[in-house]
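To convert, note that position 192 of the sequence shown is 191 in numbering that gives the first Met the number 0; the numbers rise steadily by one, no gaps.
Calculated from the structure, these hints are not laboratory results. Predicted model only: the values in this text are computed from it and were never measured. There is no bait here: all hints are sound.
Quick list of simulated restraints, FRET-style, between CB atoms: (1) Asp71 <-> Ile104: 17 to 25 Å; (2) Gly67 <-> Arg216: 17 to 25 Å; (3) Val25 <-> Ser144: 31 to 39 Å; (4) Pro30 <-> Leu138: 37 to 45 Å; (5) Leu24 <-> Phe257: 26 to 34 Å; (6) Gly260 <-> Gly80: 43 to 51 Å; (7) Asp276 <-> Asp248: 22 to 30 Å; (8) Pro38 <-> Pro139: 32 to 40 Å; (9) Asp208 <-> Val11: 43 to 51 Å; (10) Glu203 <-> Gly80: 21 to 29 Å; (11) Glu73 <-> Leu274: 34 to 42 Å; (12) Arg245 <-> Arg152: 26 to 34 Å.
Note that the Cβ used here is the ideal one computed from N, Cα and C, for glycine as well.
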Amino acid sequence: MPVRHVTSTKVVAVRGRELELRDDLVVGEEPLEIRAAGPRQTPVNIAVTMRTPGHEKELAVGFLTTEGLLEDNEVLGVDVGDPGFMADPDDAVLVRLARKIDPSIGERRHFIATASCGICGKASIEEVAVRAEALPKGLPVVVRSVIVGLPDRLREAQAAFERTGGFHAAGLFETDGRLVAVREDVGRHNALDKLIGSRVLARELPLWDRILLVSGRVSFEIVQKAAVAGIPIVCAVSAPSDLAIRLADRVGMTLVGFLRGDGFNVYTHDGRIDLRDLMAL
0 MPVRHVTSTK VVAVRGRELE LRDDLVVGEE PLEIRAAGPR QTPVNIAVTM RTPGHEKELA
60 VGFLTTEGLL EDNEVLGVDV GDPGFMADPD DAVLVRLARK IDPSIGERRH FIATASCGIC
120 GKASIEEVAV RAEALPKGLP VVVRSVIVGL PDRLREAQAA FERTGGFHAA GLFETDGRLV
180 AVREDVGRHN ALDKLIGSRV LARELPLWDR ILLVSGRVSF EIVQKAAVAG IPIVCAVSAP
240 SDLAIRLADR VGMTLVGFLR GDGFNVYTHD GRIDLRDLMA L
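Modelling step: build the complete structure from the supplied sequences, incorporating the hints.
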């Protein structure tokens, strides 16, 4: 099937006093229905999310994990595709579980999540704050030079962003700055769900010795998802919200914002960032 995460469209490009009709690459965005089922169970419709096509299995597993609907090591398999579904069969994913899932979950939680808001339409704020457990105290400790080098490493890995300029990214790093994985999507929360889903399928959770870097700002939802995955350090190139800061502080997460050039702000639990090289100046 054709690649759908990037498409071509005609645009009228205005640059100063010059005008040009040309082709331009834009981000793909399509619906994905996420379903789950246990042994000999009729699939339960959980959610429809608007996402950039690609990494559907990881997105579904990551979404169910960060929504608090999956337990450790209970995913038996993930099936992509339904010949009778929507305009494209690949717009449906079934996550097969080792246990049966409560059918009423679908009735209580079924909603449409847009690319810009993964929590819009939920019945209550209590549904958002799922399984944000406290992280181990004080570890890991990362030197300042590693933190300031993360944005360049993420940009180097963002092939789709270079083509369109329209993707958000989530990158997972080791404490020495080495890139573990990166995922892109039109929605920052989808990019993070894809990234977390890839680690769930690799059976690597909790991610207590990893660093997360996200493009754009940090919302409550980004912190919540990272906390569920056990990520102790979350960095962003832009600002966090006040609620994101409060949640990060509550769960013991180090939250870094405005990570640009050689500077950044540490909002919570700064003990994980080794700044001794600056103090010696």
